[in-house]
Amino acid sequence: MAFARLGEIVQALGGELQGDPATEIERIAPLETAGPGEIAFLAQPRLRPLLEACRASAVIVSPALAEAVPAGCARWIVADPYLHFARLTQWWLRRMQPPPAGGVHASAVVEPGARIATTASVGPLAYIGAGALIGEGVRVGAHTIVGERAEIGTASLLHPRVTIAAGCVLGQRNVLQSGAVIGGDGFGFAPQEGQWVKIEQLGAVRTGDDVDIGANTCIDRGALADTVIGPGVKLDNLIQIAHNVHIGAHTAMAGCVGVAGSTRIGAYCTFGGAAMVLGHLEIADRVHISAATVVSRSIRQSGQYTGFFPLDENANWEKNAATLRSLHALRDRVRALEKKS
Amino acid sequence: MAFARLGEIVQALGGELQGDPATEIERIAPLETAGPGEIAFLAQPRLRPLLEACRASAVIVSPALAEAVPAGCARWIVADPYLHFARLTQWWLRRMQPPPAGGVHASAVVEPGARIATTASVGPLAYIGAGALIGEGVRVGAHTIVGERAEIGTASLLHPRVTIAAGCVLGQRNVLQSGAVIGGDGFGFAPQEGQWVKIEQLGAVRTGDDVDIGANTCIDRGALADTVIGPGVKLDNLIQIAHNVHIGAHTAMAGCVGVAGSTRIGAYCTFGGAAMVLGHLEIADRVHISAATVVSRSIRQSGQYTGFFPLDENANWEKNAATLRSLHALRDRVRALEKKS
Amino acid sequence: MAFARLGEIVQALGGELQGDPATEIERIAPLETAGPGEIAFLAQPRLRPLLEACRASAVIVSPALAEAVPAGCARWIVADPYLHFARLTQWWLRRMQPPPAGGVHASAVVEPGARIATTASVGPLAYIGAGALIGEGVRVGAHTIVGERAEIGTASLLHPRVTIAAGCVLGQRNVLQSGAVIGGDGFGFAPQEGQWVKIEQLGAVRTGDDVDIGANTCIDRGALADTVIGPGVKLDNLIQIAHNVHIGAHTAMAGCVGVAGSTRIGAYCTFGGAAMVLGHLEIADRVHISAATVVSRSIRQSGQYTGFFPLDENANWEKNAATLRSLHALRDRVRALEKKS
Numbered sequence: 365m366a367f368a369r370l371g372e373i374v375q376a377l378g379g380e381l382q383g384d385p386a387t388e389i390e391r392i393a394p395l396e397t398a399g400p401g402e403i404a405f406l407a408q409p410r411l412r413p414l415l416e417a418c419r420a421s422a423v424i425v426s427p428a429l430a431e432a433v434p435a436g437c438a439r440w441i442v443a444d445p446y447l448h449f450a451r452l453t454q455w456w457l458r459r460m461q462p463p464p465a466g467g468v469h470a471s472a473v474v475e476p477g478a479r480i481a482t483t484a485s486v487g488p489l490a491y492i493g494a495g496a497l498i499g500e501g502v503r504v505g506a507h508t509i510v511g512e513r514a515e516i517g518t519a520s521l522l523h524p525r526v527t528i529a530a531g532c533v534l535g536q537r538n539v540l541q542s543g544a545v546i547g548g549d550g551f552g553f554a555p556q557e558g559q560w561v562k563i564e565q566l567g568a569v570r571t572g573d574d575v576d577i578g579a580n581t582c583i584d585r586g587a588l589a590d591t592v593i594g595p596g597v598k599l600d601n602l603i604q605i606a607h608n609v610h611i612g613a614h615t616a617m618a619g620c621v622g623v624a625g626s627t628r629i630g631a632y633c634t635f636g637g638a639a640m641v642l643g644h645l646e647i648a649d650r651v652h653i654s655a656a657t658v659v660s661r662s663i664r665q666s667g668q669y670t671g672f673f674p675l676d677e678n679a680n681w682e683k684n685a686a687t688l689r690s691l692h693a694l695r696d697r698v699r700a701l702e703k704k705s
Numbered sequence: 365m366a367f368a369r370l371g372e373i374v375q376a377l378g379g380e381l382q383g384d385p386a387t388e389i390e391r392i393a394p395l396e397t398a399g400p401g402e403i404a405f406l407a408q409p410r411l412r413p414l415l416e417a418c419r420a421s422a423v424i425v426s427p428a429l430a431e432a433v434p435a436g437c438a439r440w441i442v443a444d445p446y447l448h449f450a451r452l453t454q455w456w457l458r459r460m461q462p463p464p465a466g467g468v469h470a471s472a473v474v475e476p477g478a479r480i481a482t483t484a485s486v487g488p489l490a491y492i493g494a495g496a497l498i499g500e501g502v503r504v505g506a507h508t509i510v511g512e513r514a515e516i517g518t519a520s521l522l523h524p525r526v527t528i529a530a531g532c533v534l535g536q537r538n539v540l541q542s543g544a545v546i547g548g549d550g551f552g553f554a555p556q557e558g559q560w561v562k563i564e565q566l567g568a569v570r571t572g573d574d575v576d577i578g579a580n581t582c583i584d585r586g587a588l589a590d591t592v593i594g595p596g597v598k599l600d601n602l603i604q605i606a607h608n609v610h611i612g613a614h615t616a617m618a619g620c621v622g623v624a625g626s627t628r629i630g631a632y633c634t635f636g637g638a639a640m641v642l643g644h645l646e647i648a649d650r651v652h653i654s655a656a657t658v659v660s661r662s663i664r665q666s667g668q669y670t671g672f673f674p675l676d677e678n679a680n681w682e683k684n685a686a687t688l689r690s691l692h693a694l695r696d697r698v699r700a701l702e703k704k705s
Numbered sequence: 365m366a367f368a369r370l371g372e373i374v375q376a377l378g379g380e381l382q383g384d385p386a387t388e389i390e391r392i393a394p395l396e397t398a399g400p401g402e403i404a405f406l407a408q409p410r411l412r413p414l415l416e417a418c419r420a421s422a423v424i425v426s427p428a429l430a431e432a433v434p435a436g437c438a439r440w441i442v443a444d445p446y447l448h449f450a451r452l453t454q455w456w457l458r459r460m461q462p463p464p465a466g467g468v469h470a471s472a473v474v475e476p477g478a479r480i481a482t483t484a485s486v487g488p489l490a491y492i493g494a495g496a497l498i499g500e501g502v503r504v505g506a507h508t509i510v511g512e513r514a515e516i517g518t519a520s521l522l523h524p525r526v527t528i529a530a531g532c533v534l535g536q537r538n539v540l541q542s543g544a545v546i547g548g549d550g551f552g553f554a555p556q557e558g559q560w561v562k563i564e565q566l567g568a569v570r571t572g573d574d575v576d577i578g579a580n581t582c583i584d585r586g587a588l589a590d591t592v593i594g595p596g597v598k599l600d601n602l603i604q605i606a607h608n609v610h611i612g613a614h615t616a617m618a619g620c621v622g623v624a625g626s627t628r629i630g631a632y633c634t635f636g637g638a639a640m641v642l643g644h645l646e647i648a649d650r651v652h653i654s655a656a657t658v659v660s661r662s663i664r665q666s667g668q669y670t671g672f673f674p675l676d677e678n679a680n681w682e683k684n685a686a687t688l689r690s691l692h693a694l695r696d697r698v699r700a701l702e703k704k705s
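Protein chains in written order, with the numbering used here: chain U, 365 to 705; chain P, 365 to 705; chain Z, 365 to 705.
In short, the hints are calculated from the structure, not lab data.
It does not matter which identical chain is used: a pair holds within one copy or between any two.
Mimicking EDC-like on lysine to aspartate or glutamate, the simulated pairs with C-alpha atoms at most 16 Å apart in a straight line are:
no., residue 1, residue 2
1, LYS562, ASP573
2, LYS683, ASP696
3, LYS562, ASP444
Isolated chain U, as found in the complex:
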């Protein structure tokens, strides 16, 4: 079984080691289940009892909790254990699954005029269109499509079966999960006597550096100008970003979120799962939208916003929902009572 020595981990990632650097680590594991050969982390002080019962070979821990680590378990002491855990996962993946050597798989189709950096790899049955540009260290997964004139920035990772449509431009170190569709047509039609006349979508999609895009997430190309995803933006799975949307730097969205056309979202925002943002709105920086909330107006002020119907036993919900349909009338009745009293 593959393993790493605790000493080389701490040397690579920093922090103080209290314990034997020769300790063999075979796996990273949750604190609840970690045992010999495994390393765990403790990020939340309230989980201290789990720590005290821990049988892992090593734990990533803050100085304040270091003394709660049982004897026999090495301590890797760092200021922010969760952050060091994240860095450990990255180090671990590179160590255990080294990236493929550069080169184009024999079954891939590369059109004339595509430029592929020598350190980039193109997987089986991938397709690279004419004039596309694949940067240094980029990994293009099996079955992934990079359309004509599209550009993929240095060190980006396109998992298998990603679609980058013609002319779209990704920044450096982007990570795209399978099924993501970047640059589908925006949903634009002019009405004509009840029917719909297609507005061809002539813009593209541009992403900044360090953008992550989840499985089966869609980002539509702009109608005339581009749809723009800022640097450091993180999008989970099954998200819909409509044409002409702008998303500010380091904003994160959980799964199933939808953003309608031409909305501009600020930086450092977060959106809970299945939140839905209507079109042509402006959302300020550092706005936090709860899950399943409909954003139906612009938000100028940083803060946390919520709007969903609270769950209840079905019978209660039915009574309350029925009453809700005459809530306005109920208010009038209260007003009438107030006048009388």
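Given the coordinates of chain U, work out where chains P and Z should sit on it, guided by the hints.
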């Protein structure tokens, strides 16, 4: 840089030109940003100030607003500028990106018995099943799958990575975005002692002419009869259409909408993003459902319908949501007060 | 036209036949439209009038309703007609579309070290990674990807264009629809000064036997341990299952449902379309969540739970929604009135 002369545009699409027909147009641009070499449009009278400040080489404008166009900017005067803008985008795309010549890419796999019209094109790594029929002028994108016995109507455009399952039939001039799945199995199971026994889905999907289907949208095949999408229907991305649904002509749905099984939706309806329609319902013609609204009963009457919890600051929402859970009791308390007073 | 004799159907599937076993059945059809050469079923006693008017060649019917079947229509009498209908569809599909012979299509790419059972079939342009295991009788559709070291259990059916990422393990008789992505990265990031540091997802996805997964549905791999889908679970299209989720046996979810990370769901639950379950919750067995309901807290008690804003005409909704934003104040006003009275 590629360009078109203003005169040839107006000649092709109709309307009156006031200005130099030799004007070179390099791009279509939004009114706010358009500059020399660009053409813009004005559809909303309230944007007249933007028009007066416009630096574009030409503007598409209605007769009523023609005099507000600055000198030095050519006027293309038409009754409906937005509609002409739509047609201009179509003309532009054909001009700048002529469709591929007919033919099957060497890397595509075509099963024996498939019939492909001579003017159709089949892209790299596409798959055409046995007995499939690809009509005249159809473009099948890279990696797209057309299952056995499926039929694609004349002049349809299947973008890269579309899936048309066995036996499904698309009308003429359909446009499907990447990741769309047409003809997956409907979700049908018979319960047996708490477990689920699969009902094989023996119907297919049929679409009318001029249907657009968005990226990663799913339309399931019918259980016994077919799921039917009427002519001119426009579906955005990440939409779920369950088995046996019928959607009437020219109905449009924004992203993330879901329609459960066997529901029948009328013609000329619109559905805002993430609206959800339960199963076995009937929706009349010209019904308009707001975004994020749950349609839990049949709607017989044309009109606009809405139902979502209004967004609020989180603290306010929490108080109101808590109160909502005893709304019915609150109504009883008002009733009691009314009796007393 | 292909057909089956009624006698051989009943012999294969059990029950009592009243009628001519030589009757030719060409199609299974809905009771409303079934005519000569077709077989229908009646599962709901309230549809008896349809039965009495039925022109089908045969009907699957319960003993209690057998006498309502018109003369000239054969009766296939069984205890549970809906269940027998389900089994008939399975029998019919096997009869009319026999599964492909084992073997690997010439255009598929199979990496060295993959093990493919001799009775398994691998379709055109499919990709099987190094060390993958394809069990007996498995059908791998066109363009489907099975990542390195992934395992597909006996008799599973992967429709065209399914993605199974590296190291994921499917049970026996799984059925996956096109576009499903199993084993994309979970959405895990550690915050660092407002930015996000990726937590590499080192777990996988494991499914039990008899799991169905719909089109474009995503199940993310676990962060450290695995995401686990229990036996007999049925997931419809466009569902998002986040990392570390556990779903208990025989639970079913309709389209567009989302389940956030680390939530544990019991057995025999059902979720209506677009229900959304927040993260780190526990849902007991036999919990039934209505469509479009947000599950924001753990549920310990079996039962039916609901929470969505009731649909209304837009004008009424606007008034009630506005009032809802001061509902808590309204309660205080009622309380004040009560004190006075």
